[in-house]
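Put together the whole structure using the sequences plus the hints.
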Amino acid sequence: MKASIRFAGALLLLLCAGMTSCNNLFSEKTSGTGALVLSFDSSASLLTRSGYLPDVGSFLITISNSSGSKVYEGRYADSPERFELPAGSYLVTASSCVFEEPCYDKAQFGDSRLVSVTADKETSVILQCKQLNCGLELLADASFRAAFPDAEIMIRSSGGNLLWTPDEKRTGYFNPGIVTLVMNGTDGDECLCSRMLDAGSMLKLKLSASEQLVSGSGSGIVLQLDTSRVWSYEEFVVGGENPGSDKSNAYTTLTARDHIGEKDVWVEGYIIGVATSTSKMSLTPPFSKNTNILLGLRSSTVNPDYVLSVELALGDVRDALNLMDNPSNRGHRVLLKGDLVGAYYGFPGIKGITEFELD
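Residue 356 in the working numbering sits at position 356 of the sequence shown; the count goes up by one each step and never skips.
Calculated directly from the structure, the hints in this document are not laboratory data.
Among these hints, one or two may not hold up.
Calculated cross-link-like contacts (lysine-lysine; reagent style DSS-like; alpha-carbon spacing at most 27 angstroms) [as the list claims (entries may be wrong)]:
id, residue 1, residue 2
1, Lys351, Lys280
2, Lys351, Lys289
3, Lys169, Lys206
4, Lys263, Lys206
5, Lys280, Lys263
6, Lys106, Lys206
7, Lys169, Lys106
8, Lys204, Lys130
9, Lys130, Lys70
In this text, all values refer to a predicted model and were calculated from it rather than measured experimentally.
Below, the structure written as structure tokens:
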């Protein structure tokens with residue numbers, strides 16, 4: 001297969017270690033060596049809808065030995081057909097581009113595997129190269145442009161920030177994690193929303209001005225969420241009745257997991273037990289912890305995929321809700337207002353509780 005062929009399928013990198021000479025990498029063959037052979041398999045379907053198909057030949061191939069020293073680095077199109085290597089362990093990576101900080105129109109594909117080259121034996125491993133970063137595209141409709149003609153939104157992430165304006169048509173790419181939209185305003189910066197993006201996630205957010213804002217009778221922005229992985233729809237109105245903004249529209253323990261990073265939101269659930277250590281649940285009394293509780297989707301929930309852990313800070317919240325002192329709370333529904341975090345005791349969780357209501 002020629003290096004100029006573009007992907008129509010998932011990038012599969014086939015690595016085979018055998019006993020074949022290679023003058024491209026080592027000038028002499030020594031005892032206890034094997035050959036590493038790289039090839040691409042384009043038979044599988046491409047595992048992305050980003051709209052970007054990387055060129056096979058442009059992929060950067062890196063082979064490093066167990067001490068971390070690179071024994072090869074270069075484009076796949078320029079690489080030798082065989083690499084003769086001393087027996088040992090090697091880290092083989094393939095990357096479509098170097099991605100160090102948020103930027104526009106730079107999807108990154110790649111993967112890495114640890115390969116063991118054994119003397120006098122043939123070893124093979126398949127690397128499945130998928131999209132490593134995540135994408136976010138913001139779209140502004142006519143109402144948003146009219147209400148905010150000079151809008152600037154800073155998209156913040158752990159790897160850096162990216163500035164967006166209504167005329168921007170490109171997709172921004174970020175390292176996986178929480179991204180937060182912060183818009184400038186006459187009264188200072190305003191945090192619109194936060195979203196957790198996984199590797200390969202491609203999201204579209206449509207920004208619109210609310211009817212009240214357009215008519216001059218109020219303020220607000222509408223965000224409509226669309227993703228290429230699991231297509232879904234969401235509206236977000238700044239200053240309005242958004243999901244999680246009130247007890248009447250509180251997140252469940254399941255939907256809260258999709259909004260990690262949001263602050264001062266309401267979550268409802270049933271007290272089912274406590275977390276005793278990282279990812280460990282105790283669901284039956286007696287309970288030995290008073291610093292946290294676990295919330296389930298139902299009072300009978302036992303699946304950790306539907307559970308949130310709740311930090312009980314010293315004071316009224318802990319006194320009222322902890323199961324060590326209040327075992328009868330188990331099975332009761334509770335409403336909590338706080339900040340959604342990615343991990344607490346090994347579960348997605350809630351910290352900084354400011355209000356609560358126990359049924």
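Hints, one by one, checked against the model:
Taken as a hint, the Lys351 and Lys280 pair is honoured in the structure, with Cα atoms around 18 angstroms apart against an allowance of 27 angstroms. For the proposed pair Lys351 and Lys289, the alpha carbon gap of about 16 angstroms is at most 27 angstroms, so the pair holds. A hinted pair counts as satisfied when its Cα atoms are at most 27 angstroms apart, and Lys169 with Lys206 qualifies at roughly 12 angstroms. Taking the CA atoms of Lys263 and Lys206, the gap is near 22 angstroms; set against the 27 angstroms cutoff, the hint holds.
For the proposed pair Lys280 and Lys263, the alpha carbon gap of about 26 angstroms is at most 27 angstroms, so the pair holds. Annotation: proposed proximity of Lys106 to Lys206 holds, straight-line Cα distance about 21 angstroms (limit 27 angstroms). For the proposed pair Lys169 and Lys106, the alpha carbon gap of about 14 angstroms is at most 27 angstroms, so the pair holds. Proposed proximity of Lys204 and Lys130 is supported: the alpha carbons are some 20 angstroms apart, at most 27 angstroms.
Between Lys130 and Lys70 the alpha-carbon distance is near 23 angstroms, which keeps this suggested pair within the 27 angstroms criterion.
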